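In the order they appear, the protein sequences are chains E and W. Everything in the first sequence is counted per numbering that gives the first Met the number 0, starting at 0 for the first residue and increasing by one. Everything in the second sequence is counted per numbering that gives the first Met the number 0, starting at 0 for the first residue and increasing by one.
Think of the hints as simulated: they come from the structure by calculation, not from any bench. It should be emphasised that the depicted structure is a prediction, and the values quoted were computed from it without experimental measurement. Possibly wrong hints are sitting among the right ones.
As the list claims (entries may be wrong) - Straight-line C-alpha distance at most 20 Å; calculated SDA-like pairs for lysine to any residue:
id : chain 1 : residue 1 : chain 2 : residue 2
1  : E       : K205      : E       : R133
2  : W       : K13       : E       : P128
3  : W       : K13       : E       : E62
4  : W       : K13       : E       : R124
5  : W       : K13       : E       : G129
6  : W       : K13       : E       : K205
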Amino acid sequence: MTVYAIAQLKGGAGRSTIATNLAVGLEDAALVDADPPQYSAAAWAAIRESDSPRVIAAATHRELVQAVGLLAERHKHVVIDCPPRAAEITRAALALADVALVPVSPGVGDLWAVQDLVPTIEAARAGNPGLIVRLVWNRLRPFVRAEVELQDQARRDLRIRPLPVALGYRAAYAQAFIKGLSVLEGDNAKARDEMQALLIAAGRLKT
Amino acid sequence: MTSTKKPDLGRALKFAEGAENTSRLTVNLPRDLHRKFKILAASQDKTMGQMVEAWIRREVE
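So here's chain E without its partners, still in its complex pose (with noise of 0.2 Å):
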């Protein structure tokens, strides 16, 4: 069984498209939407029209616990979709994580942000030394220079490694998410290959 937290304080950044993108494409996952009051992850499994993943709407960090232990019992992968504070939510997420992903939108704010998470990470790390966190570059237009300077930077700047695959600048993540979709259900072979590829490195995390 293995947790991952999908966490970042700066809202936008694309924590909702990677945690239900990955709960539809990790073999056997549940997915808990620890994001009130905008439960988008929630809303998005409201109108899909499968069971699958299971979703859980959890308002404050004895929910998410609780359910992570029942989620736990039952599913190969458990996905939380963490909420953009440094609040009980975010740290009971990275004390139950084995994984932690921080999406990151190239923009400066983004990094800030992940730089205000990085002493939540350093104690959740005190009782959970297993914790393996990388950055999820999203939005990324590789062919803008600024952009890739910005990755650059914050390779110089972050003690955190980035993920060797990165979401880029495309339409079909928010119309996939509007579905009830991930865009490995839908006909962008672009988006389709770019999640699969996150998968793979994801999981390759935790061999």
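Start from chain E and add chain W according to the hints.
Showing chain W alone in chain E's frame:
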């Protein structure tokens, strides 16, 4: 190969609440004494737990 470890829910809960490396102390008090203590703590803008911890620290240290 994925991990087979069971999540440590109790540790996660303590960490979330900033209560890691702590132990719980339970004390049974007469109801009236408990009420007076609660009022005293509130009048000093503290919790009963904070007042008990401060007293124990003074005694121990």
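So, going through the hints one by one against the coordinates:
1. A hinted pair counts as satisfied when its Cα atoms are at most 20 Å apart, and E/K205 with E/R133 qualifies at roughly 12 Å.
2. Distance restraint check for W/K13 and E/P128: the Cα-Cα separation of roughly 16 Å lies within the 20 Å cut-off, and the hinted pair is therefore satisfied.
3. With a C-alpha separation of about 14 Å, the suggested pair W/K13 and E/E62 falls inside the 20 Å cut-off, and the hint holds.
4. Only pairs whose Cα atoms come within 20 Å are accepted, and W/K13 paired with E/R124 is accepted, the gap being roughly 14 Å.
5. Distance check on the hinted pair: W/K13 and E/G129 sit about 18 Å apart at the alpha-carbon level, within 20 Å; holds.
6. With a C-alpha separation of about 25 Å, the suggested pair W/K13 and E/K205 falls outside the 20 Å cut-off, and the hint is violated.
Of the numbered hints given earlier, the model fails hint 6 alone.
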